[in-house]
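Engineer: Sequence:
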Amino acid sequence: MMRIAYVTADRGIPVFGEKGASIHIQEMIRAFGKLGHEVRVIAARRGDGGDTALNVEEVRASITGTDRAEKERAAMAQADAMAARLISLYREWPFDMIYERYSLWSAAGCRAARSLGVPVITEVNAPLVKEQSAFRSLVCEDEARAIEAKVLAGSDALAAVSRQMGDYLTGAGAAPARVHVIGNAVDTAQFHPGVPPMQTADIPENAFVVGFTGSLKMWHGVDTLLQAFRAFRAEEPRAHLLICGDGPKRGWIDGFVVGAGLADAVTMAGWVDHGALPGLIARMDVATAPYPAAEDHYFSPLKLYEYLAMGRPVLASDIGQTSELLSGSAAAQLLSPGDVGALAAALRDLCADPARRAAMSAEAANEGACHDWTRNAARVVEIAQGKRAAA
0 MMRIAYVTAD
10 RGIPVFGEKG
20 ASIHIQEMIR
30 AFGKLGHEVR
40 VIAARRGDGG
50 DTALNVEEVR
60 ASITGTDRAE
70 KERAAMAQAD
80 AMAARLISLY
90 REWPFDMIYE
100 RYSLWSAAGC
110 RAARSLGVPV
120 ITEVNAPLVK
130 EQSAFRSLVC
140 EDEARAIEAK
150 VLAGSDALAA
160 VSRQMGDYLT
170 GAGAAPARVH
180 VIGNAVDTAQ
190 FHPGVPPMQT
200 ADIPENAFVV
210 GFTGSLKMWH
220 GVDTLLQAFR
230 AFRAEEPRAH
240 LLICGDGPKR
250 GWIDGFVVGA
260 GLADAVTMAG
270 WVDHGALPGL
280 IARMDVATAP
290 YPAAEDHYFS
300 PLKLYEYLAM
310 GRPVLASDIG
320 QTSELLSGSA
330 AAQLLSPGDV
340 GALAAALRDL
350 CADPARRAAM
360 SAEAANEGAC
370 HDWTRNAARV
380 VEIAQGKRAA
390 A
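Residue numbering for the sequence shown is 0 to 390, as defined by numbering that gives the first Met the number 0.
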């Protein structure tokens, strides 16, 4: 049994939140616990409610900010406070490793680990400096790059969420031997083919349900999905679209649905409690992940693993980790990213072929069962134990 200090320093990602990043945090903490390890969480933001069985401590810095530069420096002060808390925590509860979810302004885990002489593994889900400078605002860029460099050099191991993310890390200077690709996963006790479909009043019993879960953002391909569904619905009156999620594209979707005359054929479920999601996925006859073309598609889609574990036939873009996971698999049909016509045709073909859907469902369930969060946690522990033995 190990004692694990889990660190998450991004105030934009509460431990107990609804989005994928929060689910990822919760699931990894639970997975460590299921394996018999003791976990204490040091977080910049706890969030509301949540599982009281998870030991989560919120640590905040006294410095706050209003403009962009002040907010960035406040985030750095936050990381300083978290590093200090890790060191004081060790005195009262000596832990065996630090596991930090990389955030833009924090090298707290690396700093504390160096002081304490314990291994630190940093989970990296996105090239945050690159994203922030390209799509948002980044005032203290030199400091952000210095923190990234410290994390890449100071982590005993880096858990990259995809091969593409791993390539970014090695290209940025991380030693290849310290980079380990550990994709996302699913709680197979919660998501499995035996979950009964959730019946909703606005979806007819005989509907052929096309499904999507996740954030409604431009890089998730909801525009491609809506256009393909419109073409499919024109030929198949039983077609119904179920979208579980919310985000910046919600207004565009609502307008498209009205303009296309699809109001009675589309259900917008909004953000759904993660515990209710399996029943809604079970209601889907086909589940979609229609990502558009992208130069750097480094994502490891949670939705994909949840679809598979539920035994849903999957239509997904032939891109990034999705291609690597499902190429050649009967669980999914991979399509050219952004190809509306191909997605509409695939929907028509699957609707007309229940035998193929059944075969895809069986293969999806088999594949999904291989990606439980506990396997990810076990691999992290194995890596950490190897680092401790070599020290």
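Some clues are possibly wrong.
Below, simulated DSS-like cross-link-like pairs (lysine-lysine); rule was C-alpha separation at most 25 Å, straight line [said to hold, decoys possible]:
1. 18 <-> 33
2. 216 <-> 18
3. 129 <-> 216
The following label-pair restraints were derived from C-beta to C-beta distances [claimed, not checked]:
4. 322 <-> 348: 55 to 61 Å
5. 216 <-> 52: 55 to 61 Å
6. 269 <-> 217: 14 to 20 Å
7. 377 <-> 260: 48 to 54 Å
8. 267 <-> 354: 27 to 33 Å
9. 145 <-> 257: 45 to 51 Å
10. 267 <-> 86: 44 to 50 Å
I should point out that these hints are in silico values taken from the structure, not numbers from a laboratory. Virtual Cβ for every residue (Gly too), placed ideally from N, Cα, C.
Engineer: Confirm or reject each hint.
Structural biologist: Each hint, compared with the structure:
1. 18 <-> 33: holds, 23 Å
2. 216 <-> 18: Since the Cα atoms of residue 216 and residue 18 sit roughly 12 Å apart, the hinted pair holds (cutoff 25 Å).
3. 129 <-> 216: With a Cα-Cα distance of about 18 Å, the restraint between residue 129 and residue 216 holds, given a limit of 25 Å.
4. 322 <-> 348: 55 to 61 Å: violated, 20 Å
5. 216 <-> 52: 55 to 61 Å: violated, 32 Å
6. 269 <-> 217: 14 to 20 Å: Holds - the Cβ-Cβ distance for residue 269 and residue 217, about 19 Å, lies within 14 to 20 Å.
7. 377 <-> 260: 48 to 54 Å: Roughly 51 Å apart at Cβ, these two residues keep to the hinted range, so it holds.
8. 267 <-> 354: 27 to 33 Å: Holds - the Cβ-Cβ distance for residue 267 and residue 354, about 31 Å, lies within 27 to 33 Å.
9. 145 <-> 257: 45 to 51 Å: holds, 49 Å
10. 267 <-> 86: 44 to 50 Å: The hinted range 44 to 50 Å holds for residue 267 and residue 86, with Cβ atoms some 47 Å apart.
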